[in-house]
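A.B. asks: Since chain A is already given, all that's left is putting chain B on it; use the hints.
There are 2 protein chains.
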Amino acid sequence: MVVVGIIAEYNPFHNGHLYQLEETRKLFPRAVFVVVMSGNFLERGEPACVDKWTRANEALHCGVDLVVELPVAFCVQPADRFATGAVLLLKKLGVQKLIFGAEHASYNFKKLAQQVSDVRGDSVKYNESFAAAYQRAVEKKVGHAIDQPNDLLGLAYAKANLQLGDFLELIPIQRKGAFHHDLCLEKDHSLASASAIRARLAKGSIKEIAAYVPQITSVDFATRKLITWADFWPLLRYRLLTAPYEELRNLYDVTEGLEYRMKQQVQKLPLEADFEDWLGAVKSKRYTYTHLSRLAVIVLLQVTEEEVKSVSKNPYLRLLGFTPKGQKFLHKLKKRADIPLITKASQKLRKKFLSVDYRAGLVYELACMRVQDHGKAPLRITAPSLSRKKR
Amino acid sequence: MVVVGIIAEYNPFHNGHLYQLEETRKLFPRAVFVVVMSGNFLERGEPACVDKWTRANEALHCGVDLVVELPVAFCVQPADRFATGAVLLLKKLGVQKLIFGAEHASYNFKKLAQQVSDVRGDSVKYNESFAAAYQRAVEKKVGHAIDQPNDLLGLAYAKANLQLGDFLELIPIQRKGAFHHDLCLEKDHSLASASAIRARLAKGSIKEIAAYVPQITSVDFATRKLITWADFWPLLRYRLLTAPYEELRNLYDVTEGLEYRMKQQVQKLPLEADFEDWLGAVKSKRYTYTHLSRLAVIVLLQVTEEEVKSVSKNPYLRLLGFTPKGQKFLHKLKKRADIPLITKASQKLRKKFLSVDYRAGLVYELACMRVQDHGKAPLRITAPSLSRKKR
Chain A
1 MVVVGIIAEY NPFHNGHLYQ LEETRKLFPR AVFVVVMSGN FLERGEPACV DKWTRANEAL
61 HCGVDLVVEL PVAFCVQPAD RFATGAVLLL KKLGVQKLIF GAEHASYNFK KLAQQVSDVR
121 GDSVKYNESF AAAYQRAVEK KVGHAIDQPN DLLGLAYAKA NLQLGDFLEL IPIQRKGAFH
181 HDLCLEKDHS LASASAIRAR LAKGSIKEIA AYVPQITSVD FATRKLITWA DFWPLLRYRL
241 LTAPYEELRN LYDVTEGLEY RMKQQVQKLP LEADFEDWLG AVKSKRYTYT HLSRLAVIVL
301 LQVTEEEVKS VSKNPYLRLL GFTPKGQKFL HKLKKRADIP LITKASQKLR KKFLSVDYRA
361 GLVYELACMR VQDHGKAPLR ITAPSLSRKK R
Chain B
1 MVVVGIIAEY NPFHNGHLYQ LEETRKLFPR AVFVVVMSGN FLERGEPACV DKWTRANEAL
61 HCGVDLVVEL PVAFCVQPAD RFATGAVLLL KKLGVQKLIF GAEHASYNFK KLAQQVSDVR
121 GDSVKYNESF AAAYQRAVEK KVGHAIDQPN DLLGLAYAKA NLQLGDFLEL IPIQRKGAFH
181 HDLCLEKDHS LASASAIRAR LAKGSIKEIA AYVPQITSVD FATRKLITWA DFWPLLRYRL
241 LTAPYEELRN LYDVTEGLEY RMKQQVQKLP LEADFEDWLG AVKSKRYTYT HLSRLAVIVL
301 LQVTEEEVKS VSKNPYLRLL GFTPKGQKFL HKLKKRADIP LITKASQKLR KKFLSVDYRA
361 GLVYELACMR VQDHGKAPLR ITAPSLSRKK R
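Protein chains in written order, with full-length UniProt numbering: chain A, 1 to 391; chain B, 1 to 391.
Okay, chain A solo, but in the shape it has when bound (with noise of 0.2 Å):
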């Protein structure tokens, strides 16, 4: 059996993932579809729009076969420990195919992997970001500037792949239409960027957004609140003004005295202040806005140092749904797999393994008043209809 894996986050979930399904259904009609998924906190720093239970339905629905979430500790990295943490799991799969968008697909991304294997783009600059020194290492080695972030994040999991005994085939898929970073909706065809739908949906205009999304996902935002940082702001703000420095310190990544700089531009702010002048406070050279973002959703979940690297020593497959394929798939997957297939957040495994994943649950329950963890078990999708919207 064929076993295609996608690294995703779905946020939302739009005809460009429908496409990039699609297209590759035609090279593997008879393969299962796997993905990984972040679950309700993101790569970038961000709450997800519509929660994992009802993304993770979009995508069963649409041609995916079985949904895994990617851990929070996993999730709310810099491209190359998020990539390591999903390829993991891919490998945990038995996935043998990664299928991911591209700005450049033309690239070989195996043979520039080898080129930077051992680029870590650690920055001694103090004025320079971790990023910015990445890129700079990466260009100096291959010759040519990588800077597109689907194709960086394309090089992640190419790198990820080798550390891990180069199992899988790379397959990237030419990015049509829109770049993640386009802000516009398109109005000649139907695709347009994840962050172009949210920005749209911000103001509160469903009906623009359904020519560019499958009509699922149209539905599920006429019914569901779309989530934003602003619904956890004052959380934050709460913590970061009431926290000893200590407690801060404890958490994973704040070093380099990050404690003092939030909590120091926190108290500064005026009181009408929002999640993005406190970014703007806080940001420096050396610190990009997804950084310092991700620094936020740790103080938010009060992840500590302790927890992450508990993840990486104990990974574990958490189901969020399956088709009857998927579960055909999973049935196989159960006898040989080597670290836990969890079905349900039960309070064991709360204890050994799910504790920042739970907590997250806890957090984005507040937001969305939709039950995240507790009692809850994949979704079992029986007739997957390929709902897209005629264009």
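All clues given are correct.
Copies of the same chain look alike in the list, so a pair counts if it works inside one copy or between any two.
Cut-off 20 Å, straight-line C-alpha distance, at most; resulting in silico cross-link-like pairs (SDA-like, lysine to any residue):
| # | residue 1 | residue 2 |
| --- | --- | --- |
| 1 | K111 | H144 |
| 2 | K263 | T304 |
| 3 | K352 | Y260 |
| 4 | K348 | Y260 |
| 5 | K263 | R249 |
| 6 | K263 | E247 |
| 7 | K376 | E272 |
| 8 | K268 | R350 |
| 9 | K348 | Y245 |
| 10 | K263 | L366 |
| 11 | K263 | K348 |
It is worth saying that the hints were derived from the structure and are not from the lab.
C.D. replies: Leaving out everything else, chain B in the frame of chain A:
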């Protein structure tokens, strides 16, 4: 100069408080009236209905000459410790006479205090509250029950006075019209309890309370948001959901495994639950609602054992405001005071003395949207107006 002291919360300042001031002014027409007032969080474990500056301003316009803030660490405490902190400040202020309302003004509070000076009421039974054990022990000693809230507070003041050298003349004033627990406004006259007034305000009936408060209080409520536990419940809930047990255990008075009870109950609540639902879930025979509400404030503000000890060891007088008469008194006080007289919450003072009070202000601001401490100077009332509304 006669210095008359009052210990108050003024939550809100109403006609009963005005009556107390007017009656006492008749007894001591030339005295300076000094009030030690709770700040933004109160003895019964709740946020003040309007901020401390607003309440101090009302008092200064209605006959008080000087308002000093009772530190949060003394304030969110059972009656005996609340009284000890407040009476200590009265001593440092040079107060000679303490006026207090009592349900039984005929009691000889000094004599009662001598009779019960060794009664501590430590409850050894785990199904009995501290308050119940104390009242039982008092009744045994004095031969009759003392169970009305203001009588009990009066007794606590009298005990603290004995401990601190018996420097006060105790002057109980018979409470008129409305007992503290009465929840109905009494239509026949102009007196109603603070809780009755708050209950009516919570229903949005500003007009209905006009007869029971001075005009200045009416005007304040017309222009300010009424603050209740509902404003802080999302923050408390978030903190309980995310705090590790060891961080909760480090907080003041979190003993006997209460960290488990508080956290586990918050996890079990439905998403739409409110503060009262949580209190009800945590309640047991061992803990009164008031005890648990105070703990909730301790958790909300992250007050540690160490911080409470530090305030007891290094007390201070934080000035909230004064009239010209109060200012004259202050000039003399400055020369003889043996603890700091604080007019501004400077960064240096915030570290040494005001850490908890400043943090309490930062949290309260999130609800009331008015700066509480940063850069604030004491109120200077040049022309106090006894602005009681005509009956």
